[in-house]
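K.L.:
Residue numbers (my numbering), protein chains in the order written: chain L, 2 to 113; chain Z, 332 to 443.
No wet-lab data here; the hints were simulated from the structure. None of the values given here were measured: they were computed from a predicted structure. Note that beta-carbon positions come from the ideal geometry of N, C-alpha and C, so glycine has one too. Among the hints, a few may not be true.
Chain Z regions said to be covered by chain L (calculated; three or more residues, Cβ under 8 angstroms) [said to hold, decoys possible]: (1) 373 to 381; (2) 384 to 398.
Residues from chain L that face chain Z, not an exhaustive set, calculated with beta carbons under 8 angstroms [unchecked claim]: (3) ASP32; (4) GLY43; (5) LEU44; (6) TYR49; (7) ASP58; (8) GLN81; (9) GLU84; (10) LEU92; (11) TYR100; (12) PHE104; (13) GLY105; (14) PRO106; (15) GLY107.
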Amino acid sequence: DAGVTQTPRHEVAEKGQTIILKCEPVSGHNDLFWYRQTKIQGLELLSYFRSKSLMEDGGAFKDRFKAEMLNSSFSTLKIQPTEPKDSAVYLCASTGDKYEQYFGPGTRLTVL
Amino acid sequence: QQQVRQSPQSLTVWEGETAILNCSYENSAFDYFPWYQQFPGEGPALLISILSVSNKKEDGRFTIFFNKREKKLSLHIADSQPGDSATYFCAASAGGNNRIFFGDGTQLVVKP
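Model the full structure from these sequences, guided by the hints.
P.N.:
What follows is the structure, encoded as structure tokens:
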């Protein structure tokens, strides 16, 4: 089985741009998570979907961050408009029946 | 409020030594504690996990010691190898929920 796929692996954006990050979870997994990872803040939860329903979104990220599950095998994270402080690694993870979260390799976003 | 705390933030040991990574938590409802290992440029991956009904879990050179009364656990890496150099995240979840709370991580360096 393929693992979690994330594209692009690297993204450079100008301040104020809209960017869309993509994630394909492990086939058959029902839960999908988006995280932001920085050295200072560590792993921060952005969104949590269960069977395509939004279960939780990180309160601090609501205004410019929007995650969607377009179908059970594809999710996007839109950041609009981007700010330099959004520079981070964005991780997507999925979970099946047994708690283990499978992470993708992440997208490294740099906002100039 | 940080639900899972880790210490130290960084740790350096010599090859062959035992590395000890510490973790504590606040929520008494947590009953599942996974440790994730992350190498640079990759997403975290599950290394070993323990349920709160156990006080010890071994997997090769990796051992989790768990103290429910004190809400503390530790990851022991015996005979540390340079290839173990990575960031280790302690995490916790409750009641079969796939929502996992991560600590800030311990960066381990094993010197040859």
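K.L.:
All hints are to be evaluated individually against the structure, with a verdict given for each.
P.N.:
Evaluation of the provided hints:
no. : hint       : result
1   : 373 to 381 : holds (count 6)
2   : 384 to 398 : violated (count 0)
3   : ASP32      : holds (5 angstroms)
4   : GLY43      : holds (4 angstroms)
5   : LEU44      : holds (4 angstroms)
6   : TYR49      : holds (6 angstroms)
7   : ASP58      : violated (12 angstroms)
8   : GLN81      : violated (24 angstroms)
9   : GLU84      : violated (23 angstroms)
10  : LEU92      : holds (5 angstroms)
11  : TYR100     : holds (6 angstroms)
12  : PHE104     : holds (3 angstroms)
13  : GLY105     : holds (5 angstroms)
14  : PRO106     : holds (5 angstroms)
15  : GLY107     : holds (5 angstroms)
Violated hints, listed in ascending order, are 2, 7, 8 and 9; each of the other numbered hints is respected by the structure.
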